[in-house]
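Engineer: Listed here are the chains, written in short residue letters.
Protein chains: 2
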Amino acid sequence: MTLALRDQASACGKIILLGEHSVVYGHPALAAGLRRGLILRARPLADRHAPMELAIPGWNLDLRLLASSDHPVVRACLEVLAHCDAPVTGWRIEGDVGLPSGAGLGSSAALSVALARLAIDPEGPEPDTDAVVEASMVGERIFHGTPSGLDSEVAARGGVNAFARGQGCEPVRLAAPLHLVVMPSGVPRQTGTLVAGVRARRDRYPRVIDPVLDACGALVVRARAAIESGDFGTVAELANVAQELLSALGVSHPVLDDLCALALRHGAAAAKLTGAGGGGCAFALCETPADAAKVLAGLARERPELAADPRTAPFAVEIDAT
Amino acid sequence: MTLALRDQASACGKIILLGEHSVVYGHPALAAGLRRGLILRARPLADRHAPMELAIPGWNLDLRLLASSDHPVVRACLEVLAHCDAPVTGWRIEGDVGLPSGAGLGSSAALSVALARLAIDPEGPEPDTDAVVEASMVGERIFHGTPSGLDSEVAARGGVNAFARGQGCEPVRLAAPLHLVVMPSGVPRQTGTLVAGVRARRDRYPRVIDPVLDACGALVVRARAAIESGDFGTVAELANVAQELLSALGVSHPVLDDLCALALRHGAAAAKLTGAGGGGCAFALCETPADAAKVLAGLARERPELAADPRTAPFAVEIDAT
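So the protein sequences, as listed, match chains A and B.
0 is the number of the first residue of the first sequence in numbering that gives the first Met the number 0; add one for each residue after it.
0 is the number of the first residue of the second sequence in numbering that gives the first Met the number 0; add one for each residue after it.
Just chain A, same shape as in the assembly (with noise of 0.2 Å):
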C-alpha cells in the first residue's frame, strides 16, 4: 500500500443515445460518454491518520469514509480505495460535478472511475483503462447488484460506444461530433418498474411487442452507420422514430413528451427519452452548437423551473468526432 494519491482524475457522464429497452431482449445500444461528468481533486490532510473525506457539493455529498459506515457512496468508495490498493485516510477529495446524481446519466460509474484514477500507482503512469473499469465495477456493484459495465466503459472510455448483452463494448467511429441537449426532467425514474412493465406489455401482445423490439434494434444498427459516415438527417430521424416506438413500450412520461416537443419546436432535429424512461432524461439532437443554444434559451424561457435547477437544468454537451 502507498500512501498516496494522484491530485486530479476526471470520468465521463454516459447517456443511452438509442436501444434502451431493447437492450434487455438482445438487441444493441449505442451511448456516449458526457465530457461534463465528474472532476476530483485530493489534497492531504493534516492528519494523515484522519478519515478519507469526500465532498461533491453538486451532488449534496459530504462524506467521512468510515468503515462503519452503511452509506452507499462510502462504502463503494472504500471498495474501490481497497481493490486499488490505496489510502483510506489522510485525504481530502473534492469533486466537480457537470451533471445531476441520480438521471440516469452514470454518475455512481463517474466517481468510481474517477476515483480508481485518483488511486491506481499513483505515481507511475496513467492507469490502463481496463484496470480503471475493474475498479470502477467493484463500486458499481455496491450501487447496482449486478451492472452490466457499460457505464463504468463509458465513463472511463468516452465517445460513443456500441454494446449488446454478452458482448461487451465496442468504440464506435463518429464522422461528425453530435450536439445534444440534455434534458433531466426531475421525475425519478423507476428503471425495475419500467423494465418489468415491458416485460409485462410484451407478455400480454408478444405479437404486437416482439416487433417493436426487433424494430428498436435494428433502427441501432441502421443509426450506428449513419453515426459512423455522418448522415445527420438519418440519425435524427431514427432518434424521433426511437422515441415513438419506446412510447409505445409504455416507457415515456408526459414531462418527458413535453420536454421533447420543446426541444424540436425550438429547433432540435430529434429528441427522445434516454435511458429507462417514466422519468429521468431525454435528450434533443441538434444539427449545429447555435441550435443547441436556442434550444437551450427556448426551454429556460418556457420551463423556467427545471432551468432555475442545478439538478433538472437542461445543459448541452457536444460529443466529439473521432
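Keep in mind that the hints were calculated from the coordinates and are not lab data.
Heads up, some of the hints might be wrong.
Any copy will do: because identical chains look the same in the list, a pair fits if it lies in one copy or spans two.
The calculated lysine to any residue pairs, modelled on SDA-like cross-linking and capped at a C-alpha distance of 25 Å, are [stated by the list, open to error]: (1) LYS293 with ARG310; (2) LYS293 with HIS252; (3) LYS293 with GLY229; (4) LYS293 with VAL254.
With chain A held as given, fit chain B onto it using these hints.
Structural biologist: Then chain B, alone, in the frame of chain A:
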C-alpha cells in the same frame, strides 16, 4: 324510370378505429359506422321539370344538380341517381349532418349511400344493402378515383367492420358499446402525401418500418378479439400503442398529439389519430358515457376555438353492441 323518391333516408359516417396505413401493406383494419352521419329528406318541387336541388347547410352545400356542372358533388349525385334509375328533376333534397365533411369521416360515402336509399325502388321495400353500396360506389368513384369500398360499406351497414385489402368487409360483433369522442383537428388531412411518406420511410429503413407495420397488423387482430370479448382495458391499451406506432410511421401531427394528450388528461382511456393523419381527426376512447362527457367538457374549456366551430367541434358518439 319512376318520378318518385323516398321521403327520408340516412347513412352512417365512418371512423377508422385501428389499422390505418398498415392496411395499405395488407394488414387488417377496423372501422366503425358513426350513427351521427347524414339524414336526407326529399320533397317535390312545384315545377317537376326544375333541376333537382341539394341543400346540406352543415356541409356548406346548396346546389342545383345540373348536368353541365363540374362540381364533384353534383356529378356524383347525378351519377348515383342515374344508376338508380331515379328522377334528376322536380325534387328538393335537404340534409341534416352529424359530422363535418372533408375530415376523413366518410362524408362523401354517407351522401351517396343516403341518396341511393332515397332513390332505389322508392315505392318498394327498404333497398337491399348490397345494391345501396353498389350505387354509392358510383358516386365514390367521382370523388376518390378508385375507392376501396370501405366507406360505402360502413356508411350503409354501420357497426364495426374488419377489412383487409382484397378481402372486403366483415362485420365484427361488439360485446359492449364503444364510447368515442371524435376530435377534428381543423388541420386538413393529406392522405396521398402521408401514404407516400410512409412508403418513403419504409424504403429508407425497411428493417425498422416493416416490423412496425407487422406490429400494427398484429395489434388489430388482438384488439378485434378484445372488442368481441368486451375486454375494454385491452382495447384501450392497444389503441394507445397504435397511436405511438402511427407516430413512428411519421403520420401524426402536433395538433393531433395535443388533442390526444388533452383527452387522456381529461379521462379518456385511449386517444389516437384516425385515418391518414397529418391533420384530419383523432378520437378518444372512453370507458363510459360520463367519461366521454368529461372529455368533451375538458376540450371545450381548453380548446374553445375548436369547440366553437361546427367544422372542428368535438362530438361524442356511441358504437352499439351487436
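Engineer: Tell me, in ascending order, the numbers of any earlier hints that this structure violates.
Structural biologist: none
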